[in-house]
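Visitor: Each protein sequence line maps, in turn, to chains A and B. Counting from 1, one number per residue, gives the positions in the first sequence under my numbering. Counting from 1001, one number per residue, gives the positions in the second sequence under my numbering.
No lab work stands behind these hints: they were computed from the structure. A quick note: this is a predicted structure, and the numbers were derived from the prediction, not measured. We put the beta carbon where it would ideally sit given N, CA and C, even for glycine. Take these hints with a grain of salt, some might be off.
Claimed, not checked - Think about it this way: if two alpha-carbon atoms lie no more than 25 Å apart in a straight line, the pair counts; the simulated PhoX-like pairs of lysine-lysine are: (1) A/Lys38 / B/Lys1068; (2) A/Lys19 / B/Lys1042; (3) A/Lys9 / B/Lys1069; (4) B/Lys1069 / A/Lys53; (5) A/Lys36 / A/Lys18; (6) B/Lys1057 / A/Lys38; (7) B/Lys1042 / A/Lys9; (8) A/Lys9 / B/Lys1057; (9) A/Lys40 / B/Lys1097; (10) B/Lys1057 / B/Lys1068; (11) B/Lys1097 / B/Lys1069; (12) A/Lys36 / B/Lys1042; (13) B/Lys1042 / A/Lys22; (14) A/Lys36 / B/Lys1097; (15) A/Lys9 / A/Lys38; (16) B/Lys1057 / A/Lys22; (17) A/Lys53 / A/Lys41; (18) A/Lys9 / A/Lys41; (19) B/Lys1068 / B/Lys1107; (20) A/Lys53 / A/Lys40; (21) A/Lys40 / B/Lys1107; (22) A/Lys22 / B/Lys1107; (23) B/Lys1107 / A/Lys38.
Unchecked claim - Beta-carbon label-pair distances, calculated as ranges: (24) B/Ser1020 / A/Leu73: 25 to 31 Å; (25) A/Ser55 / B/Asp1002: 41 to 47 Å; (26) A/Asn17 / B/Pro1080: 37 to 43 Å; (27) B/Gly1054 / A/Asn17: 50 to 56 Å; (28) B/Glu1017 / A/Arg30: 37 to 43 Å; (29) B/Leu1109 / A/Glu3: 27 to 33 Å; (30) A/Thr110 / B/Tyr1051: 38 to 44 Å.
Spelled out from the first residue to the last, the chains are:
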Amino acid sequence: DTEVTQTPKHLVMGMTNKKSLKCEQHMGHRAMYWYKQKAKKPPELMFVYSYEKLSINESVPSRFSPECPNSSLLNLHLHALQPEDSALYLCASSQETLYEQYFGPGTRLTVT
Amino acid sequence: EDQVTQSPEALRLQEGESSSLNCSYTVSGLRGLFWYRQDPGKGPEFLFTLYSAGEEKEKERLKATLTKKESFLHITAPKPEDSATYLCAVHASGTYKYIFGTGTRLKVLA
């Protein structure tokens, strides 16, 4: 099974809402990632978890809060987002940190 | 500063017209170079990993090669279903950086 799943597929939220994005993998990978991708741009790394511990935080605003409940699950908690945060949010996993990554289908987030 | 540049930005090919995409990199040391394919609105799909100059990998109509300064993704006799954005990414030594290039948008016309 080489699949990374993400829910929801689409999310529309207001600037005062709190929501969460979820990601799951069952490949036994030890590293998981969150990326943000704007249209016609490459993915931008946000967070890296390695062995369930946050190892990289690319200076992401505190309105994005990651969580890794176990080795298969990754959440991204969203609060007080801005319209410019609207983007495709991608989750990925890899066997070890920064090896080849397997991406989920993404969550299309719109902030109104 | 570590940098990854892809060219061309966009490429239109006729079906069967072979071509190459370029990924140039400037990093302090290469741990790995990765190629991905991304369809619109979807997550990138892993294609190849290259670790050292001279290495080559093949998959169907795609062949990736690596030198000390750049990588090429050769597409032989492409088909319309090969249309996608092709991204390369570099993992630089001594860093926790995974740097994506800006991608090449490939369109193959029937």
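Visitor: So, for every hint listed, does it hold in this structure?
Guide: Results for each hint:
1. A/Lys38 / B/Lys1068: violated (30 Å)
2. A/Lys19 / B/Lys1042: holds (21 Å)
3. A/Lys9 / B/Lys1069: violated (38 Å)
4. B/Lys1069 / A/Lys53: Violated. B/Lys1069 to A/Lys53 sits at ~34 Å, over the 25 Å cutoff.
5. A/Lys36 / A/Lys18: holds (18 Å)
6. B/Lys1057 / A/Lys38: violated (30 Å)
7. B/Lys1042 / A/Lys9: Holds, because 10 Å separates the two Cα atoms, which is no more than 25 Å.
8. A/Lys9 / B/Lys1057: violated (33 Å)
9. A/Lys40 / B/Lys1097: Given pair A/Lys40, B/Lys1097 holds - Cα atoms ~21 Å apart, limit 25 Å.
10. B/Lys1057 / B/Lys1068: The hint holds at about 16 Å.
11. B/Lys1097 / B/Lys1069: Given pair B/Lys1097, B/Lys1069 holds - Cα atoms ~18 Å apart, limit 25 Å.
12. A/Lys36 / B/Lys1042: holds (13 Å)
13. B/Lys1042 / A/Lys22: holds (16 Å)
14. A/Lys36 / B/Lys1097: holds (15 Å)
15. A/Lys9 / A/Lys38: Cα-Cα ~16 Å, so holds.
16. B/Lys1057 / A/Lys22: Distance of about 34 Å is beyond 25 Å: violated.
17. A/Lys53 / A/Lys41: violated (28 Å)
18. A/Lys9 / A/Lys41: holds (20 Å)
19. B/Lys1068 / B/Lys1107: Distance of about 28 Å is beyond 25 Å: violated.
20. A/Lys53 / A/Lys40: violated (31 Å)
21. A/Lys40 / B/Lys1107: Holds, at about 14 Å.
22. A/Lys22 / B/Lys1107: violated (33 Å)
23. B/Lys1107 / A/Lys38: It holds: about 20 Å lies between the C-alpha atoms, which stays within 25 Å.
24. B/Ser1020 / A/Leu73: 25 to 31 Å: violated (40 Å)
25. A/Ser55 / B/Asp1002: 41 to 47 Å: This hint is violated: roughly 18 Å between Cβ atoms.
26. A/Asn17 / B/Pro1080: 37 to 43 Å: Taking Cβ atoms as reference, A/Asn17 and B/Pro1080 lie about 41 Å apart, which means the hint holds.
27. B/Gly1054 / A/Asn17: 50 to 56 Å: holds (52 Å)
28. B/Glu1017 / A/Arg30: 37 to 43 Å: holds (42 Å)
29. B/Leu1109 / A/Glu3: 27 to 33 Å: Holds - the Cβ-Cβ distance for B/Leu1109 and A/Glu3, about 32 Å, lies within 27 to 33 Å.
30. A/Thr110 / B/Tyr1051: 38 to 44 Å: holds (40 Å)
Hints 1, 3, 4, 6, 8, 16, 17, 19, 20, 22, 24, 25 from the earlier list are contradicted by this structure; the remaining hints agree with it.
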